[in-house]
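Asks: Residues per chain, in single letters:
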Amino acid sequence: MNILVCITHVPDTTSRIAFTNDNTEFDKNGVQFIIGPYDDYALARAVELKEQNGGKITVLNVGEADSDPTIRKALAIGADEAIRVNAFPSDSFFVANQIAAIAKEGGYDLILMGRESIDFNGGMVHGMVGELLGLPSFSPVMQLQVEGGNAKITREIEGGKEKLEVSLPFVAGCQEPIAEWKIPNMRGIMSARTKPLNVVEPSDNATHSAISAYELPPAKGAVKMIDADNVSELVDLLKNEAKVI
Amino acid sequence: MSVLVFIETEDGKIKKSSREAISYGAALGDVTALALGTVNADELATAGQNGASKVLHVADERLNAGLIQPYAAAIAAAASEAGADVIVTAKSSLADAVVGRVSMKLGASLVSNVVSLPDTSNGFQVKRSIYTGKAFANVNMTTDKKVLAIKKNAVEIKEDGGAASVEAFSVSLDDSLFGTKITSTEKAEGDVLLPEADIVVSGGRGLKGPENWGIIEDLAKTLGAATGCSKPVSDMDWRPHHEHVGQTGVKVSPTLYVAVGISGAIQHLAGVNSSKYIVVINKDEEAPFFKAADYGIVGDAFEVLPKLNEALKAAQ
Ligand SMILES: Cc1cc2nc3c(=O)[nH]c(=O)nc-3n(C[C@H](O)[C@H](O)[C@H](O)COP(=O)(O)OP(=O)(O)OC[C@H]3O[C@@H](n4cnc5c(N)ncnc54)[C@H](O)[C@@H]3O)c2cc1C
Numbered sequence: 001m002n003i004l005v006c007i008t009h010v011p012d013t014t015s016r017i018a019f020t021n022d023n024t025e026f027d028k029n030g031v032q033f034i035i036g037p038y039d040d041y042a043l044a045r046a047v048e049l050k051e052q053n054g055g056k057i058t059v060l061n062v063g064e065a066d067s068d069p070t071i072r073k074a075l076a077i078g079a080d081e082a083i084r085v086n087a088f089p090s091d092s093f094f095v096a097n098q099i100a101a102i103a104k105e106g107g108y109d110l111i112l113m114g115r116e117s118i119d120f121n122g123g124m125v126h127g128m129v130g131e132l133l134g135l136p137s138f139s140p141v142m143q144l145q146v147e148g149g150n151a152k153i154t155r156e157i158e159g160g161k162e163k164l165e166v167s168l169p170f171v172a173g174c175q176e177p178i179a180e181w182k183i184p185n186m187r188g189i190m191s192a193r194t195k196p197l198n199v200v201e202p203s204d205n206a207t208h209s210a211i212s213a214y215e216l217p218p219a220k221g222a223v224k225m226i227d228a229d230n231v232s233e234l235v236d237l238l239k240n241e242a243k244v245i
Numbered sequence: 001m002s003v004l005v006f007i008e009t010e011d012g013k014i015k016k017s018s019r020e021a022i023s024y025g026a027a028l029g030d031v032t033a034l035a036l037g038t039v040n041a042d043e044l045a046t047a048g049q050n051g052a053s054k055v056l057h058v059a060d061e062r063l064n065a066g067l068i069q070p071y072a073a074a075i076a077a078a079a080s081e082a083g084a085d086v087i088v089t090a091k092s093s094l095a096d097a098v099v100g101r102v103s104m105k106l107g108a109s110l111v112s113n114v115v116s117l118p119d120t121s122n123g124f125q126v127k128r129s130i131y132t133g134k135a136f137a138n139v140n141m142t143t144d145k146k147v148l149a150i151k152k153n154a155v156e157i158k159e160d161g162g163a164a165s166v167e168a169f170s171v172s173l174d175d176s177l178f179g180t181k182i183t184s185t186e187k188a189e190g191d192v193l194l195p196e197a198d199i200v201v202s203g204g205r206g207l208k209g210p211e212n213w214g215i216i217e218d219l220a221k222t223l224g225a226a227t228g229c230s231k232p233v234s235d236m237d238w239r240p241h242h243e244h245v246g247q248t249g250v251k252v253s254p255t256l257y258v259a260v261g262i263s264g265a266i267q268h269l270a271g272v273n274s275s276k277y278i279v280v281i282n283k284d285e286e287a288p289f290f291k292a293a294d295y296g297i298v299g300d301a302f303e304v305l306p307k308l309n310e311a312l313k314a315a316q
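These protein sequence lines map, in sequence, to chains A and B.
Okay, so the first sequence: first residue is 1 according to the numbering used here, each after it adds one.
Okay, so the second sequence: first residue is 1 according to the numbering used here, each after it adds one.
Same shape as in the complex, but just chain B (with noise of 0.2 Å):
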């Protein structure tokens, strides 16, 4: 099987869950890797090491910016190109937009939030993620062509494969499809991304106002994490929309969530349900999180977050 695997990279670097989308497409067959954009080839060559064996580098600088039409028409060409048969993407609020767009182009079979990988036994069935993480479908793609956008933080890092060639690629598109102008661009520097992160640390309004969340941003540096927060935090602008966690929100399926000073909603659990551990501190015993938590601390947050964040500290 022939597969191409659009691979999208922050600050010069490849996502995690790019590398995670690779290696999805390493078990099924060939991979050929596509990066759009300004990216250094040293980088793009290290897409080697989650199984692609060549990287198309469309290297046109007005693909720095992720425009949906331009990245659309690039990744069809670059399908063609390399005869694929099953597009592979990690899910992602830009890849979301683009390839829907893709799969009409190709005339593919779409699916999202894949949690595993094909069943080819009798034709084409993949497994996927629905009702915002409470269930799954089973799911046979019935065209010759299928693109699969594979949730974040469900497929294993594959790490022992080599260098892949880096090819330029050049792909012609029209002036007609960069009709967007963007005018700013505002990004939190530095942080660690929270739909892409390990660790999650998230407050909700249990933590009373904007002015306590030191001590969630003091357990996120220790523990290397991203912040997020609940749905009434984002709407009282305590904090910015993109950390909001739920139904609604970011969903994050990082291996440790910690939540603290959230109640435990099942808007907001919708969210958070494919953690792999998941822990809650809340200073009421009777808090719904509590059922679906791993480990809890029924206790005050301005107590216990200090002294968890020493003994971590002290942990490491």
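If we strip away everything but chain A, and leave its shape as in the complex, we get (with noise of 0.2 Å):
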């Protein structure tokens, strides 16, 4: 089974998030980036069904060089190969059409990624790749079985879940408890040094959004501290103050 996992490189979740040049760019400074911890699940999952069917993985980012460290974790987890789309990410569309170009050239069984990105959440690309392949996509998926030729998902929907049949291949925007996490070990991060990093360069630069300037949300006034054995004045504070009971 041949794997595309779509990965993103994304301020760690504890950053403190802040923008410089005007509030135009991501201040990078002393941020750590990591896999978003979707497409990490998303990966846990391939390297699972890898195991118990055999074949290939393959890690796909769209990103700059300082992509590089994060796209080698990938590797140490236990893909065997990697591409490097050498562009900024700067729109879904973007991204998107990217994602279509490597996945058309690959003959992917499946081409797997997180239901979103936590840097802008927007968790359209896996829908975008799929109109671009002319093959279903599916997310937030939470469960994938793959027998031969056919999968079975289980689909998150609001208040429940849904389970689906499908055949391959197809796109999936993964979520937990699709996998655990994996931690890489020492063989893996050895190895995944001499693995195969191959960066090309886009093929096409189009782009439907631009973005202007980032803001801060306003500063969170105190808090009010209400003893416990007052509840009624939280009651009274709900209801006359912030009035919303």
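Keep in mind the hints are simulated off the structure, nothing from the lab.
What you are looking at is a predicted structure, and each value in this text was computed from that prediction instead of being measured.
We put the beta carbon where it would ideally sit given N, CA and C, even for glycine.
Quick list of in silico lysine-lysine cross-link-like pairs, DSBU-like style, CA-CA up to 35 Å:
id: 1; chain 1: A; residue 1: 182; chain 2: B; residue 2: 291
id: 2; chain 1: A; residue 1: 50; chain 2: A; residue 2: 163
id: 3; chain 1: A; residue 1: 182; chain 2: B; residue 2: 283
Partial selection, computed: residues in chain A whose CB lies under 8 Å from chain B:
id: 4; residue: 14
id: 5; residue: 128
id: 6; residue: 164
id: 7; residue: 208
id: 8; residue: 209
id: 9; residue: 226
Only part of the chain A face toward chain B is listed, based on derived beta-carbon distances under 7 Å:
id: 10; residue: 13
id: 11; residue: 121
id: 12; residue: 122
id: 13; residue: 127
id: 14; residue: 139
id: 15; residue: 140
id: 16; residue: 156
id: 17; residue: 158
id: 18; residue: 161
id: 19; residue: 166
id: 20; residue: 210
id: 21; residue: 215
id: 22; residue: 224
Once you've looked at the hints, go ahead and assemble the two chains, each given alone in its own frame, into the complex.
Replies: Below, the structure is given as structure tokens:
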């Protein structure tokens, strides 16, 4: 089985979010970058599927050279080879076009990615790629079993879940509990250094949007503490001050 | 401006978030709403209250389940029918999966998590939430057609309209779009849906075990709230996964979020930071959640919650 796993290179979930250059750029100063947590689930499941069925895992990132350590980590976790499309991922349309162009060449049985990135939280790329390739797309996928040319999927719906049967190939946006995150072991880290990481140029440069500026939300006011023996004060505040009940 | 709003229904009723999307669309121009699958026409006419002039209804039974490819095809067809410049939907797990396809079919720019009306003084610029609610970006959409997915609870519902006219709309949907077989659907019955809820009561590891969720449920019932939880709680199967709130779970934006026995890790806060008011109940006065809260009580959940529940009931 030939699996393509698309990963984002995003700030760690504990990062302080700040902007620079007149609020037109994300401030990378002191920020640690990771594989997007949802993409990490997709990768972990791909590794399990490979263990069960054999095959090959290719990781794909659309990003600049600073993504390389994140891509190497994906190789250490168990991907066999990597492709980086050498470009700033300027919008979801641009990224989807790059992924589709690579996917058309590769003949993949499964194209997995996270349900959304944790920087832009769009959650739209899987659908865009599916449409560009004329393949079905599913998200958020919380279980994925493959049997021959068919797959059983569990998809989260609001307030519950739905089980689906589909045939390969397709695109899936993944989330937990599809698999548990995998931590690379020493052997993985060593072998990742020599696995191929092919850098290719973008297939086209079209975008659909441009960010003019970033903003931070206004600071939160101070918390009002209420004595545990006086819960009726909280009720009063919710009713008469916040007016939410 | 001509606007198409895709609306979703839940138990035969138009979802609150879809009414928000219609209200948003009505502030932009003439709204045609689109409903898919079996829905009562009288219910659809109420989209007029929120500002829709017309509702296109594709009463194709195959669309009773939320299937991604046929939904995308139907929305794109309705956008052409309505001559829509802008397609609006509420953000939801179904809409997320569908609108990427719609945008590609229409060659339209797509922006998700939109929190404000566009600024059209110089092009078409919208503000969207990014970094899981920790920041915003102002985005210029540079194509003729635009698709917007609106963040929940970001728009006030307009209710001063009349009845919308409901028209049957037929789309020919090829059988090949229905290759997905749904073998089972599990859904919590009669509960308030977490992503739609005005009030959410969430429990964390501080509740010690699933057998103690009664006090969370009682409080939620009194408040008419949905129940949520932290990630370890759903990881340990104390609660179902669709209740997991945070960075890697459901992002909520209710008017009131009540967090009980949750420490307030940054990944949990990422899912609740757009709540209007936050109440934190935790026995540890050092719990980081208090810094993100509007109101806090330091105390044992097992003592505070029943008392709070009684006080709320007495005040009703
Ligand atoms: C990449 C990544 C993504 C993550 N995504 C999420 C996410 O989406 N959502 C999420 O929630 N977490 C997420 N986490 C996990 C997160 O870091 C925390 O571990 C988690 O939120 C802690 O859950 P908790 O507050 O329930 O438990 P704990 O941190 O164990 O806190 C329990 C709290 O209960 C209090 N308590 C104990 N007993 C009582 C009592 N009797 N009465 C009142 N209070 C009591 C304690 O003082 C404590 O503050 C993520 C982590 C990572 C690394």
